[in-house]
Structures are given as structure tokens and as C-alpha cells.
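Trainee: Fit chain C to the given chain B structure using the hints.
Chain by chain, the residues:
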Amino acid sequence: MQHVSSQIASQTAASATISGHLFRASLIAKRMALAAKNSRAMVLRAGAKAAGLKVISDYFDELAGKTIRLSRLINQSAITISRTSVRQWRTQTFLDRLAKSQARLEPSQSQQLNVAAANRQLFLSHQMHSLQRQLIELKDQLADIHQYMQSSNVVAVTFRLEATQTGEFRPMLENMAETISQQSNDIKAHITTSQNKLSYFQA
Amino acid sequence: MDAHKLFDDGHQWYVFGRDPEKPEKILDTNQYMIVDGQRSILLDPGGIEVFSTMLASVLKYVNIEHLTDLFASHQDPDIISSLGMWDQVLPDSSLHCSGIWEGFIRHFGMDNIQYKPIADTGGHLRLESIGLDFIPAHYMHSSGNFNVYDPKAKILFSGDVGAALEPPGTPMFVENFERHIESMRFFHQRWMPSNEAKAHWIKRIRKLDIDILAPQHGRLFKGKDVQRFLDWFEQLDVGSAIK
Chain B
18 MQHVSSQIAS
28 QTAASATISG
38 HLFRASLIAK
48 RMALAAKNSR
58 AMVLRAGAKA
68 AGLKVISDYF
78 DELAGKTIRL
88 SRLINQSAIT
98 ISRTSVRQWR
108 TQTFLDRLAK
118 SQARLEPSQS
128 QQLNVAAANR
138 QLFLSHQMHS
148 LQRQLIELKD
158 QLADIHQYMQ
168 SSNVVAVTFR
178 LEATQTGEFR
188 PMLENMAETI
198 SQQSNDIKAH
208 ITTSQNKLSY
218 FQA
Chain C
19 MDAHKLFDDG
29 HQWYVFGRDP
39 EKPEKILDTN
49 QYMIVDGQRS
59 ILLDPGGIEV
69 FSTMLASVLK
79 YVNIEHLTDL
89 FASHQDPDII
99 SSLGMWDQVL
109 PDSSLHCSGI
119 WEGFIRHFGM
129 DNIQYKPIAD
139 TGGHLRLESI
149 GLDFIPAHYM
159 HSSGNFNVYD
169 PKAKILFSGD
179 VGAALEPPGT
189 PMFVENFERH
199 IESMRFFHQR
209 WMPSNEAKAH
219 WIKRIRKLDI
229 DILAPQHGRL
239 FKGKDVQRFL
249 DWFEQLDVGS
259 AIK
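Chains as they are written, first to last, in my numbering: chain B, 18 to 220; chain C, 19 to 261.
Pulled out of the complex, with its shape left as it was, chain B reads as follows:
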């Protein structure tokens, strides 16, 4: 029982850690959205020389918007998981302590605690089902945002290539490509850490 309790404690810590990483990822996503707006402005200023970049910057702007929306959802999912996990932990702690009390009592006295034990066991079971559902949702969302970041890296590479043909705008646009690449990688790092932390949760 102690093992179950410490497993849930690790899981609670893991969910809080995930929540923290995803919050930081959402902050980077906001900066990425700003970078997308800047890239569109720069492409407009570059005019005909950067015509090839217009489609890419429009796509990047759209991708950044989707990333922000998804990162908000993911952050909310992680907080929900963290709350469920804390509830599960507290319930398990209660059940552990109740079992210790029952072990000290005569069967006739111990029976009085069976209803409370059964109620909380049922509650725990509901919490575990909720947690599994929330975890599946979070895993899918993390996979989606990971996919977005891969697309974002492709945008950065294409941006850099197209930037070579933009004359005096080249350094600025290359710098923009570098920013996109860096932010995508930073978000990916937070996502990967979060995905790894999910291993703390029991299958």
C-alpha cells in the first residue's frame, strides 16, 4: 500500500512538472506568434524580392496561432491531471491510514469502517478512470504540438533558403529563420520532457 501511495506521489510531482513545462512552452508559443507577425511585416516590406516568402510566412502565422491555442489547451489538461492526481493521492493516503486503523481493531469494530473504505475506494477508482482519460487526451495533444513544431522547423529551413534571394533583407530574414528554429526547438524540448514524464503514470 505504501508503494501505491509513493507511486501516486511521484505521479503527482510528475504532473506538476509537466504543467510547469507546458506553461513555459505556452510562453514561447506566444513569442513565436509575435515572431510570425514580424515575419509577415518584413516580407511585406521586402516586396517583390520576398514574394516566395509570403506563403511561408502566412503559413507560419497560422501555425503559431494554432500552437498558442493548443498550448493553452494542453496547459489546462496538465493542470486538470495534476488536480486529479492530488485527489487520488489524498484518497490513497486516507485508505492507507484507514487500513492501519482497521488492523488494530477487532473484526466487529473494524466493520464500522467498511462503508467509508468502500466509498473512498469507489471514488479512487473513478479518479483513476478520469486520470487515464485525461492522460490519453494529453498524450494526443502533446503529439499534435510536437508535429506542429516539426512543421515549424520546416518553415524555418524554407525561410532561410528563400531569404538568400532577398538582397538587403537577407540578414533580417535569416535572423527571423533562426528565431523560428530556436523557438520551435525550445518548445519541442519542453514537450519531449513532458512526454518522458508521462512514464511516471501507471499504465
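No wet-lab data here; the hints were simulated from the structure.
Where a beta carbon is used, it is the ideal one built from N, C-alpha and C, also for glycine.
A portion of the hints provided could be inaccurate.
Capping the alpha-carbon separation at 20 Å, the derived lysine to aspartate or glutamate pairs in EDC-like fashion look like this [unchecked claim]:
| # | chain 1 | residue 1 | chain 2 | residue 2 |
| --- | --- | --- | --- | --- |
| 1 | B | 54 | B | 191 |
| 2 | B | 117 | C | 39 |
| 3 | B | 117 | C | 146 |
| 4 | C | 242 | C | 214 |
| 5 | B | 71 | B | 203 |
| 6 | B | 117 | C | 105 |
| 7 | C | 78 | B | 79 |
| 8 | C | 172 | C | 229 |
| 9 | B | 117 | C | 229 |
| 10 | B | 54 | B | 79 |
| 11 | C | 23 | C | 46 |
| 12 | C | 40 | B | 79 |
| 13 | C | 40 | C | 229 |
| 14 | B | 117 | C | 184 |
Sample of chain B residues lacking proximity to chain C, with all beta carbon distances greater than 10 Å (derived) [what the hints assert, rightly or not]:
| # | residue |
| --- | --- |
| 15 | 118 |
| 16 | 122 |
| 17 | 160 |
| 18 | 163 |
| 19 | 199 |
Mentor: What follows is chain C alone, placed relative to chain B:
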């Protein structure tokens, strides 16, 4: 956990404490239970670490459905951090405590138990055949603090007043008051913040007819030791940390 019956005449008083299984660094606490027919109240039910033994101990004397009330003299963790656990086994019970602590105490977890705030001026609780008085003991040591007085049993549950810091396994009652003083001195000088509050409390308590003064830590005072304690405490200078 040891259990002693303090009073048995129509209703009963029990004290639980001296738990040999409690973690070593946890301060020993006295928990009390008053049983009056089909209603019972736990006074300062204790910290989360003593919950399992405390629950098992009380159920030896009372059926769980007869545990109807809880009382917390103040908000400290050794008093009531087990609340989140009691909340699961006694969902229909009530907790009586100073009104100023409700928002704080709920941090221990309280989804089911009903909070019954006690006004600063004190209160009264009718069980089945007896009434209990919630006597104001503010700033003794907590800013919202109550004692419980049972006029029929002539027992005063005094919370932290009268507490002593002693090694595990000490007897339940004071046997030699003069020798007991040194176990109480530091606690009262350091934990009790105000000479004015102390004088106010002593004046109020001297009006009560008390056979047993029952603190939340250490030994209980019986008979003449109750007056000896009040006399000793009256002349003690408290609030030592700022002197």
C-alpha cells in the same frame, strides 16, 4: 496509544495519548473524547500522523455513528491536521472552532464536515444529557482560542495552557507539582504571548469549579494541583521571545 477514562457518571471522558508508535520527532499530544449516550465529541483530535491510532482507539469505546462532533481549540497542525481524514470517516459531523480560523483550517481538507464557528465571546454545545461551555482563551496561545468546560464532570480541557514538554511515556497525571514546574516553564514563557491575556484567562478560570485541568500536551492536573498551577502561572512572566 494509551487510553484512560477520566470520568464516568452518566457520561464519560477519555484521554488518549502516549502513543508509542508515533514518529519519534512528533510532539506527544493528548486527545480527549466525551461520550454522552449517542453523541460524542473529540477534543483536539490531533495531527495526521496520529489519525490511524486515534481512530482505532476511539472505536474501542464508541460506535462510529455516535461520533457526532469535533472540537479544535485552535488551528495548529498537532490539533487538527487530521481533519481531511476525519472528514472521510465522519462526513455528517460538525467541527466547532473559532470563527476566525475557518478559512485557514479548511486547508487541511474539509468537504463534508460542517464548520460551526464559535464567536469570540464563547459558546455552548448541548450533547445528549450534558452541556459543554466553550470558554474564550484568546492569545493563549493562539489568537482565536477556546477551552472546553464540562460543569457536570468539573473538567476543563485547557488546550495548550498547562502543557509540558516531557519525554515519551510520562504518567498521565502530575504526581509532584514542584518537580513538574520545570517541564512547563519554557513552554509557557515562550508559547504564551501576553501577560494581559494570561491574567484575563486566569480571572475567568478561577470562577469555575474544576477537579481536573486537562491540557493538550503533558500531564493532567487533579485536585489541589489545579489551583497550584493557576497560582504558578499567575506569577509567570510570559512572551519571553521579545524580552
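Trainee: Would you mind marking each hint as holding or not holding in the structure?
Mentor: Against the structure, the hints come out as follows:
no. : hint           : verdict
1   : B:54 to B:191  : holds (16 Å)
2   : B:117 to C:39  : holds (12 Å)
3   : B:117 to C:146 : violated (31 Å)
4   : C:242 to C:214 : violated (25 Å)
5   : B:71 to B:203  : violated (25 Å)
6   : B:117 to C:105 : holds (17 Å)
7   : C:78 to B:79   : violated (68 Å)
8   : C:172 to C:229 : holds (5 Å)
9   : B:117 to C:229 : violated (36 Å)
10  : B:54 to B:79   : holds (10 Å)
11  : C:23 to C:46   : holds (19 Å)
12  : C:40 to B:79   : violated (60 Å)
13  : C:40 to C:229  : violated (30 Å)
14  : B:117 to C:184 : violated (27 Å)
15  : 118            : violated (4 Å)
16  : 122            : violated (5 Å)
17  : 160            : holds (36 Å)
18  : 163            : holds (37 Å)
19  : 199            : holds (42 Å)
Of the numbered hints given earlier, the model fails hints 3, 4, 5, 7, 9, 12, 13, 14, 15, 16; all others are met.
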